[in-house]
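Each chain is listed here by its residues.
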Amino acid sequence: MISFVFLGPILWMVLGSVKSDAEILSYPPTFFPSEFKWSNYAQVFELQPFARQFFNSVFVMALVCVLTVIVSACAGYAFARVKPLGSSILFLVLLSATFIPPEATIVPLFQLVTSLGWIDTYYPLVIITVFLHSAPIATFILRQAYLGLPKELGESARLDGASDLRIFLTIYTPLVRPSLAAVVVLAGWHSWSQYLEPLIYLRDTEMFTVPLALTQFYDPFAGPMWGIQMAATTLSVLPVLVLFLFAQRHVISGLTAGAVKS
Amino acid sequence: MTTVQSIWLSLNSINALSGATKFVGMENYVNLVTGDRFPLVFTNTVFFVAAFSILNIAVAMGIALLLNNRLRGVNIFRAAVFIPALVTMVAWALVSRFILQPEGLLDFLVSFTGAEEIPWLRSRWLTLTVIVFVQLTKNVGINVLLCLAGLQAVDRELLEAAETDGAGRWARFRHVTIPQVSPTLFMVFLLTVVASFKVFEVILILTNGGPGYETNVLSFMIYDEAFRRHDFGEASALAVILLLMIIVVSSALWAIRKKLVYAEND
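Top to bottom, those sequences are chains A and B.
Under our numbering, the first residue of the first sequence carries the number 1, and numbering increases by one thereafter.
Under our numbering, the first residue of the second sequence carries the number 1, and numbering increases by one thereafter.
Pulled out of the complex, with its shape left as it was, chain A reads as follows:
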């Protein structure tokens, strides 16, 4: 019964995606489509460059994940082990950054993006997302992970003549792999579902990301084309669900590992 509250909408979406417009608007609604209108799915790709938009989302997400890992691993390690001058103040600033909602700084960011000529490019979606949204929280998670490892590991490696960079890369970083996985999941997920930023930084349909594309299926009278809309939404949900089914255990433990202090 409670499951239905969570899965019902998804079921209704899939059913709606193969109904004809007439059937969708009929009342009382039919549960099962009387005829399967698969052309809704074809229409998604005809009305918009949906394949390209899908690629945009995947591409941006991949870059965000890679950059977040590099930036936050370096920063997290520095905060945990190297501790440069003023690092505790810097760390506080970083933590407070995770509390600032994107809406609060969107106006100055928009001005910055405009003045750099980054409208309709991937740059703001990757660079601003990494440095403002995903890296701060990732750095926090990785700092905790690096702090949890014994100091003696690095010290004995140093006696064996390993350089600082080598200690960081080959001794400590492989040991925080579970936290790195959590960081990748969080960053990828954040990038994939972002809406406000693409809405403001992108004008060209060719550059749209998936969430932005989903809201564009309207007929000339601004009425939503529900069948096609639901087909597009189903397509957007599908890859995530497939991924989840394959990686259920890792996703769940990854998310809890990052969020609960042990």
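Note that these hints are calculated values from the structure, not bench results.
Because the structure is a prediction, the values reported are computed rather than measured.
The beta carbon of each residue, even a glycine, is placed where N, CA and C say it ideally should be.
Treat the hints with care, as some may be off.
To be verified - Okay, the calculated bits of chain B under chain A, using three or more residues with CB under 8 Å as the criterion:
1. 75 to 85
2. 98 to 106
3. 190 to 199
4. 230 to 236
Take the given structure of chain A and dock chain B to it, following the hints.
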């Protein structure tokens, strides 16, 4: 840095289209507070944040307690609760709108009870509650997982000791379980409060803040002022107010943390 920029912009009158900027001091704030839209939006924001945070922690903890029992099919139920969290907010909001539209699935289900057609998306408090519910069902899965992780860390020996001492189910829950999960609950609550100030996609997709400003909240109004009305100054003033609200609420929560959380040792 962008925060400082926001504060500076809020003291200027800016027309985003012409690019003209003029220093006007507190004028944006005065205009906002004396206008008739702001009180509406402010109350909506407070209502949304309060209702969402409280309901979220209650529902998350309730489901986590259910899942903590060894029931049949618990894994399926667990996946069911978590799946909406994977779907993007936009997709979830679109599907919700599809269900909530006049003569949609929900109207149909409700018609069995013989009720009149209910204006799910066209009245103030009801619609805000609907928005809370839509946002909640999408994200509660993650909070359930966090609560569950907290519950599973509860000391079994303590629970058994309490049972041999004759403590009933409720007493064990109240005096053994709750204190031990309270740090987790507090973190979940604090994060939800902060996150609930950011509600955006659901509002845009379900109601567009309307009718009028009746279901508008601060984060949405910032977008509306800046990118639809092209008033960057007023949008920045709203952004500063939003930030202040978050700072006040989260530091207040942090200050009373000792009262809420048992055995805090960091």
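Q.
Hint by hint, where does the structure go against what was stated? Just the numbers, ascending.
A. No hint contradicted; all consistent.
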